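Student: Letter by letter, the chains look like this.
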Amino acid sequence: MDDGGDISRLIGDLSADLKPVRRLPAPWLRALVWLGAVAIVAAVLVATRTLLPALGIIGNDPFMVPGAYASLATAVLAALAAFELSLPDRSDAWALLPLPALAVWIVLNGLGCLATLAIPGTQTSPFQFMVCLSLIFAISLPLTVAMVLMVRRARPLRPLRVAVLSGLAASAAAATLLVLIHPHDSAVLDLAAHAVAVAVIIGLNVLLGGRLLVPANKFRGRV
Amino acid sequence: MPAGGTSDEVYAARAETDRRLTAAMAAAQGGDRASYELVLRECVPIVQRIARRQGASTDTLDDVVQDVLVTIHGARATYDPSRPFTAWLTAITQRRTIDILRKQGRRGAREVHAPLAFEMHAAADNPEEDAARVGEAKQLRAFVDGLPEVQREAVRALALEENSLEDASKATGRTKTALKVNLHRAIKTLRARMSGDNGRGIRRDG
Chain A
0 MDDGGDISRL IGDLSADLKP VRRLPAPWLR ALVWLGAVAI VAAVLVATRT LLPALGIIGN
60 DPFMVPGAYA SLATAVLAAL AAFELSLPDR SDAWALLPLP ALAVWIVLNG LGCLATLAIP
120 GTQTSPFQFM VCLSLIFAIS LPLTVAMVLM VRRARPLRPL RVAVLSGLAA SAAAATLLVL
180 IHPHDSAVLD LAAHAVAVAV IIGLNVLLGG RLLVPANKFR GRV
Chain B
0 MPAGGTSDEV YAARAETDRR LTAAMAAAQG GDRASYELVL RECVPIVQRI ARRQGASTDT
60 LDDVVQDVLV TIHGARATYD PSRPFTAWLT AITQRRTIDI LRKQGRRGAR EVHAPLAFEM
120 HAAADNPEED AARVGEAKQL RAFVDGLPEV QREAVRALAL EENSLEDASK ATGRTKTALK
180 VNLHRAIKTL RARMSGDNGR GIRRDG
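Sequences listed follow chains A and B, in order. Counting from 0, one number per residue, gives the positions in the first sequence under numbering that gives the first Met the number 0. Counting from 0, one number per residue, gives the positions in the second sequence under numbering that gives the first Met the number 0.
Since the hints were derived computationally from the structure, they do not count as laboratory data. One or more hints might be untrue.
What the hints assert, rightly or not - Between beta-carbon pairs, the in silico distance windows are:
(1) B/Ala76 with A/Pro141: 18 to 28 Å
(2) A/Ala198 with B/Ser6: 43 to 53 Å
(3) B/Thr16 with A/Ala137: 46 to 56 Å
(4) B/Ala76 with A/Phe126: 41 to 51 Å
What the hints assert, rightly or not - Some chain B residues close to chain A (C-beta under 7 Å, calculated; not the full set):
(5) Tyr35
(6) Ala74
(7) Arg75
(8) Ala90
(9) Gln93
Being a predicted model, the structure only gives us computed values, none of them experimental. All C-beta atoms in this analysis are idealised placements derived from N, C-alpha and C, irrespective of residue type, glycine included.
Start from the sequences, fold in the hints, and give me the full structure.
Tutor: Have a look at this one:
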């Protein structure tokens with residue numbers, strides 16, 4: 000056990016190191032800024048859509064558009080939950096916020112998958128599976144980077160949960176944006192591509208979250 | 000906080016402390032060092048109280064306090080002065096205390112706490128002395144085993160098991176006087192044997 004002298008010295012050092020800081024905006028405002036980045040990516044994708052006609056598939060799936068709304072809702076709620084949970088004094092219950100939308104998204108995808116099973120010619124080829132997967136990763140990347148840069152300013156005390164929510168927000172947003180350039184039926188392989196992409200992005204966030212979300216602190220080594 | 004005050008007085012005192020710390024932390028966010036130092040100093044007893052309630056031992060309290068102070072420093076931009084400072088501090092302290100207790104738990108699972116093994120461990124700087132001490136202990140055990148039954152019984156009940164005379168008397172069924180006499184004779188015999196004066200002073204009766 001250290002004596003009180005160590006604590007006094009630490010207080011002196013921390014006070015000497017004090018610099019004015021800009022308070023973080025409210026979590027909903029930060030979520031809105033991140034959703035602005037999603038909107039920018041969406042605008043870029045729409046602008047380039049005419050360049051990629053080969054990627055489009057005529058959709059026969061009645062659940063595709065409702066599914067896209069559900070994934071958008073999942074992205075919005077997961078982003079809000081991530082920014083709320085990144086603050087120390089917010090309830091753990093924020094982690095539950097995106098779950099209802101996530102459940103609806105999964106159910107709609109499942110229903111779409113069942114509906115398209117009966118329609119000939121709607122099943123995805125392995126090539127389309129890879130295209131789908133690559134597109135989700137490519138769209139997720141800038142969204143994940145933006146999220147990490149924004150969230151780490153709060154130095155979250157619960158980095159794991161924040162990392163999971165950030166990954167869910169980025170991958171759900173990417174799945175929504177995918178519809179803009181790559182309308183697809185909820186074929187089994189398409190669903191698998193989404194599931195793999197979401198799992199990988201969340202997994203990477205979790206693996207790197209501890210390091211990326213909590214910046215180094217020069218005083219940490221003394222404790 | 001007034002010592003022995005009513006719950007209303009305690010509540011009022013805490014609310015006043017919270018108002019003061021909230022204002023000081025807002026000033027610290029603007030770069031006011033004096034206010035910041037005041038906040039950090041006033042945090043210390045609050046953090047100790049919360050950590051103790053969380054189950055932190057006295058040995059751990061200073062670690063928790065330092066960890067919380069460093070966390071406050073890194074996360075000071077996240078404090079919103081429209082919300083109570085104490086709630087913010089409490090959340091940080093509870094999370095840091097849990098982290099430290101978990102770390103200790105993991106360390107405890109890897110390391111064995113065996114003070115006896117530490118004491119019995121061979122002296123690294125003098126292995127010969129340690130070997131001699133082990134030899135003497137073996138020899139003493141052999142001498143005790145060689146004592147007459149009644150003396151061995153007295154040594155075991157009074158010296159090795161450290162019972163009181165009364166408890167030893169109840170356990171062995173012998174009188175206190177008989178036990179004292181037998182222990183005295185046993186010590187005399189052992190002393191004689193260990194100094195090489197074998198056989199003298201041994202009495203076979205109890």
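Student: Now tell me if each hint is right for this structure.
Tutor: Structure-based check of all given hints:
1. Range check, B/Ala76 to A/Pro141: about 25 Å between beta-carbon atoms, so the 18 to 28 Å window is met.
2. Separated by about 51 Å at the C-beta atoms, A/Ala198 and B/Ser6 satisfy the suggested range of 43 to 53 Å.
3. Remark: the range hint 46 to 56 Å for B/Thr16 to A/Ala137 is upheld by a beta-carbon distance near 53 Å.
4. For B/Ala76 paired with A/Phe126, a C-beta distance near 48 Å keeps the hint of 41 to 51 Å intact.
5. Taking 7 Å as the C-beta cut-off, the interface hint given for B/Tyr35 holds, the closest approach to chain A being about 5 Å.
6. The interface hint given for B/Ala74 is met, as the beta carbon of that residue sits about 5 Å from the closest beta carbon of chain A, less than 7 Å.
7. Given hint, B/Arg75 at the interface with chain A, holds; its Cβ is 6 Å from that chain's nearest Cβ, closer than 7 Å.
8. Because the smallest distance between the Cβ of B/Ala90 and any Cβ of chain A comes to about 4 Å, under 7 Å, the interface hint for this residue holds.
9. For B/Gln93, the interface hint is violated, since its Cβ never comes within 7 Å of a Cβ in chain A; the closest pair sits about 9 Å apart.
Of the numbered hints listed earlier, the single one contradicted by the structure is hint 9.
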